[in-house]
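Novice: Next come the chains, spelled out residue by residue.
4 protein chains.
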Amino acid sequence: MLNVGIDIGGTKIAGGVVALDGTIIEQLRVPTPVDTGALADAVAAMVGDLASRHEVHAVGVAAAGFIDRTRSVMLHAPNIDWQNAPLRAQFEAQIGRPVTLENDANAAGWGEYRFGAGRGSTDMVMITLGTGVGGAAVGDGSLLIGANGSAAELGHLRFVRGGRPCGCGQNGCLEQYASGRALQREIADIADGGGIGSRLAAHRTAAGIVPGADLKLLLSEQDAGALEAVRRVATALGEACGAFQAVLDPELFVIGGGVAELGEDLLEPTRIAYETSLPGFGERPTARFVTATLGNDAGLVGVADLARLRT
Amino acid sequence: MLNVGIDIGGTKIAGGVVALDGTIIEQLRVPTPVDTGALADAVAAMVGDLASRHEVHAVGVAAAGFIDRTRSVMLHAPNIDWQNAPLRAQFEAQIGRPVTLENDANAAGWGEYRFGAGRGSTDMVMITLGTGVGGAAVGDGSLLIGANGSAAELGHLRFVRGGRPCGCGQNGCLEQYASGRALQREIADIADGGGIGSRLAAHRTAAGIVPGADLKLLLSEQDAGALEAVRRVATALGEACGAFQAVLDPELFVIGGGVAELGEDLLEPTRIAYETSLPGFGERPTARFVTATLGNDAGLVGVADLARLRT
Amino acid sequence: MLNVGIDIGGTKIAGGVVALDGTIIEQLRVPTPVDTGALADAVAAMVGDLASRHEVHAVGVAAAGFIDRTRSVMLHAPNIDWQNAPLRAQFEAQIGRPVTLENDANAAGWGEYRFGAGRGSTDMVMITLGTGVGGAAVGDGSLLIGANGSAAELGHLRFVRGGRPCGCGQNGCLEQYASGRALQREIADIADGGGIGSRLAAHRTAAGIVPGADLKLLLSEQDAGALEAVRRVATALGEACGAFQAVLDPELFVIGGGVAELGEDLLEPTRIAYETSLPGFGERPTARFVTATLGNDAGLVGVADLARLRT
Amino acid sequence: MLNVGIDIGGTKIAGGVVALDGTIIEQLRVPTPVDTGALADAVAAMVGDLASRHEVHAVGVAAAGFIDRTRSVMLHAPNIDWQNAPLRAQFEAQIGRPVTLENDANAAGWGEYRFGAGRGSTDMVMITLGTGVGGAAVGDGSLLIGANGSAAELGHLRFVRGGRPCGCGQNGCLEQYASGRALQREIADIADGGGIGSRLAAHRTAAGIVPGADLKLLLSEQDAGALEAVRRVATALGEACGAFQAVLDPELFVIGGGVAELGEDLLEPTRIAYETSLPGFGERPTARFVTATLGNDAGLVGVADLARLRT
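Chains as they are written, first to last, in UniProt numbering: chain A, 1 to 311; chain B, 1 to 311; chain C, 1 to 311; chain D, 1 to 311.
Since the hints were made in silico from the structure, they are not lab data. Hints may be right or wrong, so weigh each one.
Under 7 angstroms between C-beta atoms, here's a sample of chain D residues computed to sit facing chain B [claimed, not checked]:
hint	residue
1	V160
2	G162
3	G163
Predicted model only: the values in this text are computed from it and were never measured. Yeah, the Cβ is synthetic: ideal placement off N, Cα and C, and Gly gets one too.
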């Protein structure tokens with residue numbers, strides 16, 4: 001049985017036909033239209049195109065935003081003009097197939113759980129460190145949804161009381177301390193301070209950021225400024241994972257998103273901070289930390305699998 | 001169908017025959033033996049006694065401690081000499097009926113979810129404020145267990161980095177800021193400071209604590225010291241619930257245990273702190289806060305129901 | 001002996017002839033020119049005018065900004081275009097009398113120490129809660145200046161690690177938690193949250209703030225939202241004063257600025273937080289908290305007295 | 001002119017004849033008697049002995065404890081049975097020369113300021129990292145005493161709200177995060193955690209500590225566990241120094257005590273944390289960090305100099 005996964009990102013829509021084992025049989029990409037009508041048409045056309053060549057059962061659509069508990073209504077999307085939009089019904093009418101919606105971070109988490117870094121686990125947490133932070137939690141093999149459909153908003157764990165203001169209206173959210181943007185903020189602070197920041201400063205682009213490749217180079221040379229910047233973000237991430245452990249008790253943390261490309265340079269200080277802040281029950285096993293393996297396909301694959309399960 | 005619930009506490013064992021609707025048909029109580037063999041005999045005798053008068057299907061046993069993922073082995077119990085004890089197999093051999101184990105806080109949470117304050121919800125968090133703190137989480141109608149059987153250890157959320165040492169070996173755990181013991185510590189701090197603490201000081205017993213009834217009296221008279229002590233504990237509790245909301249997204253927080261007897265005097269400042277620290281997603285619904293309704297029977301009733309479900 | 005004090009504020013310049021006992025013999029006010037040349041001319045003209053009617057010895061000039069250790073050069077001023085400006089030499093050339101410079105918060109602190117709420121003490125801390133926070137410290141009868149002229153920048157004590165960004169480039173400064181602006185932020189948070197914030201919300205002006213008079217009214221009626229907003233600011237203030245006590249050991253905290261007009265409604269919760277966070281040496285005396293008594297004249301009177309002492 | 005300095009430690013009394021330039025002409029040592037009478041006799045005998053060979057002007061006595069503002073009465077001493085003891089009068093009667101008292105950390109700070117690492121500065125802070133933390137502050141060339149004689153209790157800055165309990169009765173004091181004892185606690189935490197702590201664990205003595213020489217060895221080999229332990233303590237120290245800068249504005253931090261023997265391994269991460277938490281006024285100069293140079297003689301030399309100044 002084949003299902004289609006659609007991952008609506010800020011700049012492009014990716015759609016793919018996904019087999020039961022998570023293999024992508026065929027994948028298409030188009031730019032994301034700004035107009036919501038044009039966007040729906042683009043999704044419908046993409047599904048129609050794929051379905052003309054493959055026998056498709058159901059369709060899963062992943063996008064950033066808050067989705068109601070029944071996965072039918074997009075309550076609020078940060079990048080697209082959807083407010084209380086009954087997307088599932090609209091898409092089903094246009095596409096003529098069963099549709100499910102899912103938050104993009106949840107879709108990616110489910111993809112990794114089923115076919116990627118989380119395969120074989122029962123209780124897993126995925127943290128996607130992009131510009132912001134996305135979260136997903138799997139408990140006893142089920143995706144955690146929550147009473148209002150907003151469980152696992154892990155980037156909005158309040159990490160510092162009275163902390164940095166967050167776009168969500170709250171302050172001190174983890175996202176302000178462990179994300180791609182937070183990493184660049186730490187880099188800027190250290191670069192501006194001179195001393196150990198001098199090499200970071202030299203690698204800043206006109207836009208004021210240090211590109212990932214440059215950062216990896218500096219880390220490989222044990223540059224003190226680069227190590228310090230990553231250590232700060234990793235410390236926040238690891239301490240937050242200690243909190244997630246107390247609540248969710250996963251066996252595995254999967255770290256994804258662009259920041260996760262730092263690999264062990266990120267994971268090693270993360271584990272130290274995690275172990276430091278983990279409620280210490282003596283014999284208690286600790287969770288493993290791994291990086292995601294499906295890259296940008298995780299959401300597409302995951303939401304296709306959720307479509308299969310829910311329809 | 002009737003099931004038996006056994007709640008092994010620090011000082012007594014309560015056992016009851018529980019109907020499908022949570023009604024306790026008959027209940028017995030005996031002191032808790034120190035010796036583990038005598039304890040097992042007491043449980044078996046109690047079940048035998050109850051089963052001689054009722055048609056019993058299965059037996060659930062609740063006790064404080066860490067229980068493996070399969071709910072068969074007590075990994076570590078704080079009050080009883082059980083280390084990696086295969087209690088399920090032992091009890092089944094002695095009792096001759098299917099047995100399940102559950103952590104006492106989880107059992108109480110499940111009891112409230114099914115038959116008490118949480119009835120009708122799908123996603124609920126229960127926090128039991130006794131001497132320490134117990135936690136339970138229900139997600140989409142299932143009790144959250146975790147990869148190692150230790151999910152919802154809500155009292156061991158790290159609340160203050162570099163905070164008060166906790167009996168678990170970690171520091172800064174919520175239990176050190178929001179529990180019966182934490183409340184008495186705040187009371188002592190305020191009483192010792194003179195000023196607004198003078199009436200609290202006057203109500204201290206020889207053991208150095210202010211009994212609950214005295215505290216309620218002072219609260220009813222708007223004593224500034226008593227209000228401040230409760231506010232501190234409620235602030236910690238409410239802020240932690242903001243974190244639990246971000247992760248678990250319950251519709252309901254049920255507050256139980258002895259401290260919950262303060263009722264609205266506790267819940268009102270808790271809600272203020274919760275709302276202050278809740279990731280603010282605009283339209284997002286907030287959870288309700290209620291006190292538990294089953295009292296000391298929650299664990300017994302809950303574990304009997306879990307026995308029914310699991311066997 | 002008479003001296004002139006000049007207090008250059010953001011909107012007006014106040015100048016006065018001050019007697020040895022702190023009495024203001026005559027006072028003038030003019031708007032603050034934007035141009036630095038015009039500003040200097042206005043100060044010179046004001047001094048000339050006053051000196052035509054009084055026998056003036058020396059002149060003290062107070063303004064917001066960082067002033068070098070010798071009190072001769074304005075290193076950086078937040079509101080006026082002075083960078084490394086040798087103001088003392090310039091003013092002395094224009095005025096023909098000895099001149100001293102002082103930071104405005106220090107001038108006000110010295111004024112209160114000599115003639116206001118701090119009279120009779122030897123070690124005093126003044127905290128001015130205006131839009132931002134100003135600080136001054138007197139130790140054994142001397143104004144604390146510091147190696148770089150920037151001691152007693154009390155508003156920039158780091159109060160929350162990883163906290164709210166501050167205009168000074170740092171984050172988590174006390175000014176972001178205890179100041180007029182911080183108070184309005186807490187009010188806004190509480191008002192936006194509904195519940196106990198409903199009356200605060202009703203008193204908001206078009207500019208989104210709750211005027212001081214309205215706030216005092218609500219406090220007098222024990223409005224829970226107003227009490228909570230003030231309590232938050234007072235808690236930050238009181239905890240910071242605990243830190244200042246450990247370092248400076250004053251016998252007196254004088255609280256000035258617009259927020260101090262809340263009087264005991266502010267001071268009472270401040271004292272509670274102070275005592276809670278004070279290093280507790282048993283018998284150790286605690287400092288008193290009082291509000292300033294000289295109001296807007298404190299800076300003018302203080303800097304005139306400093307002119308006398310230094311010239 | 002020669003003066004005598006007496007430094008009463010927990011295990012021994014050191015006494016020395018000190019020249020105007022801080023040179024110790026002759027030094028004696030005796031064990032510290034437990035009995036306060038015997039202790040006073042020992043001090044008097046030591047002074048008598050020294051005075052028989054040198055022309056001595058005045059005597060300074062340094063000891064741990066809280067001393068009144070006039071430096072005449074020991075209010076409370078942690079190690080010796082002195083409570084409100086009029087030591088100055090007692091010693092003067094026994095010794096027949098003018099006497100001053102000083103807190104041991106203040107005496108050491110004054111010694112370093114006048115003759116050691118702080119020479120040539122005007123505003124200096126000294127932090128002595130022994131088992132606990134001692135502090136001293138010099139402002140514009142004067143030792144900061146405070147209204148109650150207890151200024152510069154820098155180890156009791158509240159560093160973590162709700163933090164580790166401190167022997168002073170308060171919680172979260174800096175001493176619990178940056179001191180010799182705190183360093184050993186971090187070492188123990190890391191050693192117990194396995195992983196990067198394995199080499200630390202291997203170097204633990206029967207008493208459970210890692211001796212300084214072993215720690216220096218591990219640091220020289222870039223052992224990750226040792227680096228992490230020191231980094232934690234240095235981070236707390238550096239952040240606290242950011243707070244001291246905002247209040248006292250020194251040009252120099254002198255770090256003394258046993259932990260300071262780690263030298264640059266301690267100072268380098270301290271500077272990073274200091275700069276991170278320093279209120280950032282752009283052009284503002286930052287303070288230098290150096291280690292103390294007088295070692296155990298600092299207190300004796302400092303209190304002799306204070307005796308000269310005060311008598």
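Novice: Evaluate each hint against the coordinates.
Specialist: Hints, verified against the model:
With a least beta-carbon distance of about 4 angstroms to chain B, the hint placing V160/D at the interface is held under the 7 angstroms criterion. Given the 7 angstroms rule on beta carbons, the hint for G162/D holds: about 4 angstroms separates it from the nearest Cβ of chain B. Below 7 angstroms, beta-carbon pairs count as interface contacts, and G163/D has one with chain B at about 5 angstroms; its hint therefore holds.
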